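**Q** Protein chains in written order, with my numbering: chain A, 1 to 430; chain B, 1 to 498; chain C, 1 to 128.
In short, the hints are calculated from the structure, not lab data. Keep in mind that this is a model prediction, so the values were computed, not measured. Where a beta carbon is used, it is the ideal one built from N, C-alpha and C, also for glycine. Where hints are given, some of them may not hold.
[To be verified] From chain B, some residues computed to sit far from chain A (all C-beta separations above 10 Å):
hint, residue
1, L33
2, D36
3, N82
4, Q206
5, A292
6, M369
7, D389
8, K441
[Said to hold, decoys possible] Mimicking DSSO-like on lysine-lysine, the simulated pairs with C-alpha atoms at most 27 Å apart in a straight line are:
hint, chain 1, residue 1, chain 2, residue 2
9, C, K46, A, K189
10, C, K83, B, K491
11, C, K121, B, K187
12, A, K307, B, K491
13, A, K307, A, K268
14, A, K179, A, K189
15, A, K274, C, K46
16, A, K274, C, K121
17, C, K8, B, K202
Each chain is listed here by its residues.
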Amino acid sequence: MPYLVHSPEDRAAMLETIGVRSMDDLLVDIPQSLRLDGLQLPDGLSELETMAHVSALAGRNRVYPDRLTFRGGGIYRRFIPAAVSAVTSKPEFYTAYTPYQAEASQGTLQSIFEYQTLIAELTALDVSNASLYDGATAVAEAAMMAHVHTGRNEVIVSGYVHPEYVQVLRAFGDGRGIKVRKDGEPNKKTAAVIFQQPDFLGQLIDPRALTTAAHDAGALAIACVDPISLAILAPPGEYGADIAVGEGQQLGLAPSFGGPHVGFIACKKELVRKLPGRLVGIAHDAQGRRGFVLALAAREQHIRREKATSNICTNHSLCALAAAVYLTYMGPYGLRQVAEVGFRRAHNLAQRLAALPGWELAFPDRQFVNEFPMRVPKSPAVLRKLSRKGILGGLEVGRWFRELKGVVTFTCTEVNDARALDELVEALRS
Amino acid sequence: MTEALSFELSRPAVDPPRLPEPDVAGPSPADVLPRDALRSRPPGLPRLSEPEIMRHYSRLASLNYSISENFYPLGSCTMKYNPVLNEAAAALPGFAALHPYQDEDSVQGALELMWRLEQALCAVVGVDRVTLQPAAGAHGEWTALRMIAAFHHSRKENRTEVLVPDSAHGTNPASAALSGFHVVEVKSGPDGRISLADLESKLSPQTAALMLTNPNTLGLFEREILDIAEMVHATGAMLYYDGANLNAFMGICRPGDMGFDAVHMNLHKTFTTPHGGGGPGAGPVGVKAELAPFLPSPTVERSNGQFVLDHKRPQSIGRVRSFYGNFGMLVRAYTYILAMGGDGLGQASQDAVLSANYLRKLVETDLEMPHEGPCMHEFVASAHNLHEDGVRALDIAKALLDRGFYAPTVYFPLVVPEAIMVEPTETESRATLDSFGQAIKEIVAQAKTDPQGLHDEPKNLPVGRLDEVAAARRINAYLQGQSDDPVLRWKAPSQGPS
Amino acid sequence: MADRRYTKTHEWVTVDGKHATIGITDFAQSQLGDVVFLELPAAGRKLAARETFGVIESVKAASDLYAPVAGRITEVNEKLASKPELINSDPYGDGWILKLEVAGELPPDLPDLMDESDYKKVTEAAAS
Numbered sequence: 001m002p003y004l005v006h007s008p009e010d011r012a013a014m015l016e017t018i019g020v021r022s023m024d025d026l027l028v029d030i031p032q033s034l035r036l037d038g039l040q041l042p043d044g045l046s047e048l049e050t051m052a053h054v055s056a057l058a059g060r061n062r063v064y065p066d067r068l069t070f071r072g073g074g075i076y077r078r079f080i081p082a083a084v085s086a087v088t089s090k091p092e093f094y095t096a097y098t099p100y101q102a103e104a105s106q107g108t109l110q111s112i113f114e115y116q117t118l119i120a121e122l123t124a125l126d127v128s129n130a131s132l133y134d135g136a137t138a139v140a141e142a143a144m145m146a147h148v149h150t151g152r153n154e155v156i157v158s159g160y161v162h163p164e165y166v167q168v169l170r171a172f173g174d175g176r177g178i179k180v181r182k183d184g185e186p187n188k189k190t191a192a193v194i195f196q197q198p199d200f201l202g203q204l205i206d207p208r209a210l211t212t213a214a215h216d217a218g219a220l221a222i223a224c225v226d227p228i229s230l231a232i233l234a235p236p237g238e239y240g241a242d243i244a245v246g247e248g249q250q251l252g253l254a255p256s257f258g259g260p261h262v263g264f265i266a267c268k269k270e271l272v273r274k275l276p277g278r279l280v281g282i283a284h285d286a287q288g289r290r291g292f293v294l295a296l297a298a299r300e301q302h303i304r305r306e307k308a309t310s311n312i313c314t315n316h317s318l319c320a321l322a323a324a325v326y327l328t329y330m331g332p333y334g335l336r337q338v339a340e341v342g343f344r345r346a347h348n349l350a351q352r353l354a355a356l357p358g359w360e361l362a363f364p365d366r367q368f369v370n371e372f373p374m375r376v377p378k379s380p381a382v383l384r385k386l387s388r389k390g391i392l393g394g395l396e397v398g399r400w401f402r403e404l405k406g407v408v409t410f411t412c413t414e415v416n417d418a419r420a421l422d423e424l425v426e427a428l429r430s
Numbered sequence: 001m002t003e004a005l006s007f008e009l010s011r012p013a014v015d016p017p018r019l020p021e022p023d024v025a026g027p028s029p030a031d032v033l034p035r036d037a038l039r040s041r042p043p044g045l046p047r048l049s050e051p052e053i054m055r056h057y058s059r060l061a062s063l064n065y066s067i068s069e070n071f072y073p074l075g076s077c078t079m080k081y082n083p084v085l086n087e088a089a090a091a092l093p094g095f096a097a098l099h100p101y102q103d104e105d106s107v108q109g110a111l112e113l114m115w116r117l118e119q120a121l122c123a124v125v126g127v128d129r130v131t132l133q134p135a136a137g138a139h140g141e142w143t144a145l146r147m148i149a150a151f152h153h154s155r156k157e158n159r160t161e162v163l164v165p166d167s168a169h170g171t172n173p174a175s176a177a178l179s180g181f182h183v184v185e186v187k188s189g190p191d192g193r194i195s196l197a198d199l200e201s202k203l204s205p206q207t208a209a210l211m212l213t214n215p216n217t218l219g220l221f222e223r224e225i226l227d228i229a230e231m232v233h234a235t236g237a238m239l240y241y242d243g244a245n246l247n248a249f250m251g252i253c254r255p256g257d258m259g260f261d262a263v264h265m266n267l268h269k270t271f272t273t274p275h276g277g278g279g280p281g282a283g284p285v286g287v288k289a290e291l292a293p294f295l296p297s298p299t300v301e302r303s304n305g306q307f308v309l310d311h312k313r314p315q316s317i318g319r320v321r322s323f324y325g326n327f328g329m330l331v332r333a334y335t336y337i338l339a340m341g342g343d344g345l346g347q348a349s350q351d352a353v354l355s356a357n358y359l360r361k362l363v364e365t366d367l368e369m370p371h372e373g374p375c376m377h378e379f380v381a382s383a384h385n386l387h388e389d390g391v392r393a394l395d396i397a398k399a400l401l402d403r404g405f406y407a408p409t410v411y412f413p414l415v416v417p418e419a420i421m422v423e424p425t426e427t428e429s430r431a432t433l434d435s436f437g438q439a440i441k442e443i444v445a446q447a448k449t450d451p452q453g454l455h456d457e458p459k460n461l462p463v464g465r466l467d468e469v470a471a472a473r474r475i476n477a478y479l480q481g482q483s484d485d486p487v488l489r490w491k492a493p494s495q496g497p498s
Numbered sequence: 001m002a003d004r005r006y007t008k009t010h011e012w013v014t015v016d017g018k019h020a021t022i023g024i025t026d027f028a029q030s031q032l033g034d035v036v037f038l039e040l041p042a043a044g045r046k047l048a049a050r051e052t053f054g055v056i057e058s059v060k061a062a063s064d065l066y067a068p069v070a071g072r073i074t075e076v077n078e079k080l081a082s083k084p085e086l087i088n089s090d091p092y093g094d095g096w097i098l099k100l101e102v103a104g105e106l107p108p109d110l111p112d113l114m115d116e117s118d119y120k121k122v123t124e125a126a127a128s
């Protein structure tokens, strides 16, 4: 059998050392009525057959080429440097355990310390944690932080925040008795105002105004941000947001049908003790050597137990490593160029799409970065046509927002070369 | 050997990577966006060439222990071999390149994999449905409790308490509190098993659920589980299974048959998905039919030979994460289950139990054994017998690190003083187990002759014991505005006004 | 009455007329290890007897703090914010945590609280 190491001789010898006659003597505590006659599962397959089976399943999925993918909605096709998987596939990283024994985990701890610094720099806030599961749970955790910090029970979701993030926020809120309101003015019951920049439709909002309004009511401002856009847009720290969260998939992670990706969270230093999840900090040994260690662990579930702000234990460390490699590879100017290429191509595409008969920008007065909403006549048929030509067209957002029926968001990144834009427009014209 | 930070290796004039040019006519951000929407200063990301980056990470990798090189006897973590085939499967473009918002008919293979994984997990643990959405064990635990809360709510019963054994892992009470429940502790009896008398005194019409790990965190099977289930159900409460220790009895018995209503599992423990230095994992939750209406939405259903995502679930507790789950980890676990099959999984648990009892036998005269054997897939020993030499469980852990073993779990469960929890798993050879037993003997002997030497360990690793107290004090000083050194991130040395 | 009294949860209290001073015991600080942080309420807050009023943290543990007697907080030891280690070095002196103005009349012998010798028995039992 695969992955098992004991031979029948090993097993016999071990039983003898223990001093029992058979496995039944070791399983003596299990009531006979519960004992199974094996599992109701087929026997195992050879590696060859396993891979054939799994490949067949993979083969039943349609893979659209990166360059012909124009659908976003929170998950985007990006150029992923080879360096990222070269690092994350090192077994010293991917088969390592949680770094509780710091002396044997300096590789993980230092790389996560670098990740924390990178996210803090990107968001222009004081401290980042060592990762959360995804953008949705990051929003929910930030809302919990605000609730604990202010003692208030309501959060306001302002504008078009990713609908799945709001669903998760509601599910988390139900457990803690926290109400989620859509839009509306913050007041003394408001723990936080949550907004997304760019929003779910790709459009720019006014984060300064929202932050001010939140603070005026004594609430926190939580900014859910696109990490690549932060190379061009003012980051949350510049407009005074208290907590920044977001989905880090674009930082070196394949779409992978929705996960695993990485949720990031960073905050002002006043809120650090409320941060969920792990934090890595600098420490020194008796010889004065610098090392890295898990810090402020008393916040976490294994110590605080029922008084912890969050129950998170396992996080998305390897995905955070991918993000760290990506950001290190890009550096500030690489990241800026990635953002600007997407910006320029998306604006070019938007103009050309708006020239198609019956098509128009859904909100022509709004700015965007690299994702934008178009009103598309007969959108389901249009998207089916594109699919037949091997193109993954935009995302119909009417499925979440009734008022946006017929609106499709299109995305453009550095992977959609100029020729791909031409192919898309030609396919739509025909 | 320590390695500099990428920020310290950074040099200002290093070329950025070559990236595509826009190649199309269009504005730049400064052309169309108002000035105050734009970033005023670039983020302080490091600037390194690719060769330097690759060397930096290779050197960092060499500072880590990992399953690929080291034995990890960590109790309740099931640090078994991570099959490389799983990585190959997850990397297949037919999985890795899928956008979650593709039309369902274009992702039938992915949906089928999820459906089949659900079927397989149902068979392993004995439940009717499984949600694959939760991203981690604690996440799954919270999800299960929310479903249980929804169930009671649907029957207009206001049950506010969750019972948790005093030997439970911290996520249990944390998850219960976050689900809106009040946590009540149930005592263990003298044999480490839950006290039925105490359980009876604490069960009431207020009880929503009892959370149990079986075998418990001491590696002992709760012999009276059928009675426990009956007691819990008689009061109208539900029984929740924490699957941390599922590796003890796959193919031998099933939590569903014991009476558990909700069964949580850790794919990154029992089902070999790699730990990644702390994650990602996945925490599926199995449920009996009566909890199925409350499953997170969407579920994967098969209808007329097609696989569909069912979003129309009016009683669902909603969504617990974006999209459908940690799909890449689901692929890995499914691949493992295919390769092992029912026969392999059964043998795995048998070997896990055998190895734990063997290792326990090897060290039973060196460390204190607070409870009688046999154990299941893990055992708890105590370093209390070394107390008089001034040696603690922590010293043993650090001394093991120096000998190339990752340390076992120490100081958990809280009910055993100086606890050392050991779970070898089925993928460690007898030679490895013997050498671990030998290392324990040497360390215990050294406790008598040279305890100070043990306090100084580890000596052979890149750093020795780190002063966490000093770090905590520096963090405190930073958080109170008395110091500029953030400790929790790198900061450029002061350069004066920017 | 200036004798120290003790709670089962390892706080100590001294009472002087209407004023009480509260801290944690030497046994508690030795169990906790180096104290790195305290979460404490503000002055003015009213506490009930046995109510939790804060948390004390070491690197590896966090413990709730329970009020030995009821009262209104008049003073919080400000020094603990930057020097929490005072609790380890001088738990009965400079490491005091709160001062309260006691509510109502206290029975002279504080029957819910232990005296020195009873508390000593508790700690000896716990340490074995």
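**Q** Evaluate each hint against the coordinates.
**A** Against the structure, the hints come out as follows:
no.	hint	in the structure
1	L33	violated (6 Å)
2	D36	violated (7 Å)
3	N82	violated (5 Å)
4	Q206	holds (16 Å)
5	A292	holds (17 Å)
6	M369	holds (13 Å)
7	D389	holds (21 Å)
8	K441	holds (15 Å)
9	C:K46 <-> A:K189	holds (23 Å)
10	C:K83 <-> B:K491	holds (25 Å)
11	C:K121 <-> B:K187	holds (23 Å)
12	A:K307 <-> B:K491	violated (32 Å)
13	A:K307 <-> A:K268	holds (22 Å)
14	A:K179 <-> A:K189	holds (10 Å)
15	A:K274 <-> C:K46	holds (25 Å)
16	A:K274 <-> C:K121	violated (38 Å)
17	C:K8 <-> B:K202	holds (22 Å)
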